[in-house]
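Engineer: Chains as they are written, first to last, in the numbering used here: chain F, 1 to 237; chain P, 1 to 237; chain W, 1 to 237; chain D, 1 to 237.
In case anyone wonders, no lab produced these hints; they're calculated from the structure.
Wrong hints could be hidden among the right ones.
As the list makes no split between identical chains, a pair holds if one copy fits it or if it spans any two.
[To be verified] Below 25 Å or equal to it, Euclidean Cα-Cα: the simulated DSS-like pairs (lysine-lysine) are:
| id | residue 1 | residue 2 |
| --- | --- | --- |
| 1 | K45 | K118 |
| 2 | K112 | K152 |
| 3 | K220 | K45 |
| 4 | K213 | K118 |
| 5 | K220 | K133 |
| 6 | K112 | K213 |
| 7 | K133 | K112 |
| 8 | K152 | K220 |
| 9 | K213 | K45 |
| 10 | K152 | K213 |
| 11 | K133 | K152 |
| 12 | K45 | K152 |
Just so it is clear, the structure is predicted and the values come from calculations on it, not from any experiment.
Each chain, letter by letter, is given below.
Number of protein chains: 4
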Amino acid sequence: MELEFRSGVDVELVKSSAADSDVIFAARVSTQGERTREVAEDTEKAISGLINFLMRERHGSPFEHSVMTFYVKAPIFVWREHMRHRIASYNEESGRYRVLEPCFYVPDEDRKLVQIGKAGAYTFELGTPEQHKITDDSFREACTQAYQQYEKMLAAGVAREVARGVLPVTTYSSAYVTMNARAMMNFLSLRRSAPDSHFPSYPQREIELVAEKYEDAWAKLMPITHSAFVANGRVAP
Amino acid sequence: MELEFRSGVDVELVKSSAADSDVIFAARVSTQGERTREVAEDTEKAISGLINFLMRERHGSPFEHSVMTFYVKAPIFVWREHMRHRIASYNEESGRYRVLEPCFYVPDEDRKLVQIGKAGAYTFELGTPEQHKITDDSFREACTQAYQQYEKMLAAGVAREVARGVLPVTTYSSAYVTMNARAMMNFLSLRRSAPDSHFPSYPQREIELVAEKYEDAWAKLMPITHSAFVANGRVAP
Amino acid sequence: MELEFRSGVDVELVKSSAADSDVIFAARVSTQGERTREVAEDTEKAISGLINFLMRERHGSPFEHSVMTFYVKAPIFVWREHMRHRIASYNEESGRYRVLEPCFYVPDEDRKLVQIGKAGAYTFELGTPEQHKITDDSFREACTQAYQQYEKMLAAGVAREVARGVLPVTTYSSAYVTMNARAMMNFLSLRRSAPDSHFPSYPQREIELVAEKYEDAWAKLMPITHSAFVANGRVAP
Amino acid sequence: MELEFRSGVDVELVKSSAADSDVIFAARVSTQGERTREVAEDTEKAISGLINFLMRERHGSPFEHSVMTFYVKAPIFVWREHMRHRIASYNEESGRYRVLEPCFYVPDEDRKLVQIGKAGAYTFELGTPEQHKITDDSFREACTQAYQQYEKMLAAGVAREVARGVLPVTTYSSAYVTMNARAMMNFLSLRRSAPDSHFPSYPQREIELVAEKYEDAWAKLMPITHSAFVANGRVAP
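Isolated chain F (complex conformation) (with noise of 0.2 Å):
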């Protein structure tokens, strides 16, 4: 099978029950008791002001109830990551059920590659184009050896289960990831470096362009709640 090379990662949403709506009725009923159906007459300042002192306040239970999901491709190295979000749902292909493609990922010219400072406060410098140069053939080399002698034991009549343990981590895989809008601040707010932070992070690049298209996605669907997440220095509620 021809081998694929690539970068970047590939976020597709596919669907969504989320709205900046949703925030005001969950709201609302702690001092209302009762089903909100006005929203659509609120003035958007009055929404924007509601969803601002919740998210200033910390609370953050009305904003479990919109939820998304997404198609995400990202290495494995990523899901590693990502998986380490219990609170969202995850079906994930498997190499126990189906033949892995040889789909990998490699750095680009954009991808910093030298880390300089201590654990914990890392900051990236592009690297020389020699870097560059070693780092994009060995990623080649491994993974075409790799996958050939994953070739070869599947041919061998070895299980995909066991014959899959020679693959790189830099391997894609696809998966379903279902959160809702409060999971999404916190796994924004922890994977994915912003200026405007209250608190700093340090998230490896990769996971951080899934974290960046989640975001493009999820503020168009709740612009409200975003500017408010955004505002309150992106501390999740």
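Chains P, W and D: place on chain F using the hints.
Structural biologist: This is chains P, W and D only, laid out in the frame that chain F set:
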């Protein structure tokens, strides 16, 4: 304020993103590793076959991408049991932020009042008309007295969060509840007593009323999944 | 049965597996990849430095291996708030399986009764002696009436699960609660109002009583972690 | 650095607060509403009877107060499955913070290599000596090549978090895992194939190795609970 005494619970499906096809795309990523788009072309038999397989083999995660939000009005003693289910999102009206209304649950004439047998395996009998009368009188008397004391404290300027202490657990309260189809099946397996259940359960009748209404709404959204759940002895995957 | 009226809450540490050294071994596996055995040889300064770093950088997972079990007796309205914390394990006494005892919470003379200001930012004042007397009388009257109706129904053969409906939310109930140190910090950050908090919180006084006793017990088990939590503005990692 | 190839997984019980008596005190609060102190005086038959009752009736919460922490060393492909279990706490060694060691899992001569049948109901056969030789050779070859590329990139100054991309999923990784007895039973019901299971499961052999060692350690801590679990067809309550 005039007191209201009633029976029953209110359950309204507020919004949902829940369909049998969600289960299919989530499950198929395991074996196909791709964003499945052709669900519409599947025969119902193929869909049903896959969903039954997942249910029987306890593959629970494909059922987590289907999500429903309900508005529920039920007595506090029902909420006390409901909120033991941690895999759901809740926003409930607040006795700190508002004056609670004098709306109280009383058992109606169909509520079986007399418990026979030992813990964990009770059966219930209807009870005599006299037992029903005593119950009805006691509920009305106790609730009326309690609400008078509540109003007396509020009139004296005592904080709502303090005064509410005297209100009985039969007072109605409203909340939004969001859960996915997997959590729904867990809830139904524990909170609805059905003759076709593989494992017996002994829910209190009032939370079972909520479960029945949940099940009606969920079965309409995901009829194939619901049938598979019932066919599998109501064992949550 | 004779009625008991009291104030306060009971919190007893039943058992624990919780120490500052747990945090160290959990954190060090990241950088050492080995079972760390030499914690005892660390200087306190090194331990303190690492724990403060984790707290500040919001590395929450190393705090999840320290676990405590408490026995708590508190009014039902406190349990209603407590059980909204889903990252804990609960077993509570059951009004279905036993006759509930006539033990009721009443605010004592130190309980601030009068609420000033608007939702989310209340302050409280003590209130007048007359307001305290009205409150005390109302609680005693309502609880006495309610328990009489409860006993009347039980005497008539009505099931416990039905009869308990008339009991007020100020009735005491007991439960075991197990939580880890990360969940503890989340609980304290939301349920204890402290002047050194980075984020304000406005807990109801009675759940704050539970939080204070939790904090006392936890601080003894994990003094370095507790100090780091306080120094970090009581922001849960 | 010299490469190590080995089979098997390491599981060490690091600490625990887990005993059959935990289940008893948690369950008894339902019916007694008090801090139970006399567990020691119970006959083993009474303890066993109560635990079997809870297991059979699916009262899961009393099993949540017993907690265990393990140190586990297993290949990355095992961790990928393990961390799908969200009801546990994890701290794993980090390929961002340290240079990963060249320690790789290879199937030993007892590992059944050949998969017969269809998805969800595979059986495995041992495979021929030639198949074992091909597998062993392929693993050694692929891991050696990969680690050479890893070292080459590190030598060139490329960040660890980038270079690790080429390492195979058969690389060993270490982590601390904390879970309670209820989560343990769920894990065992899904990750151990046992003839006395009420529901069948088809775990990959390598995660089953972890499950077997967990079960040995847990059975020693909570022998009555373990017996009840097995007697109940290994259905997690």
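Engineer: List, from low to high, the hint numbers that the structure doesn't satisfy.
Structural biologist: 4, 5, 8, 9, 10, 12
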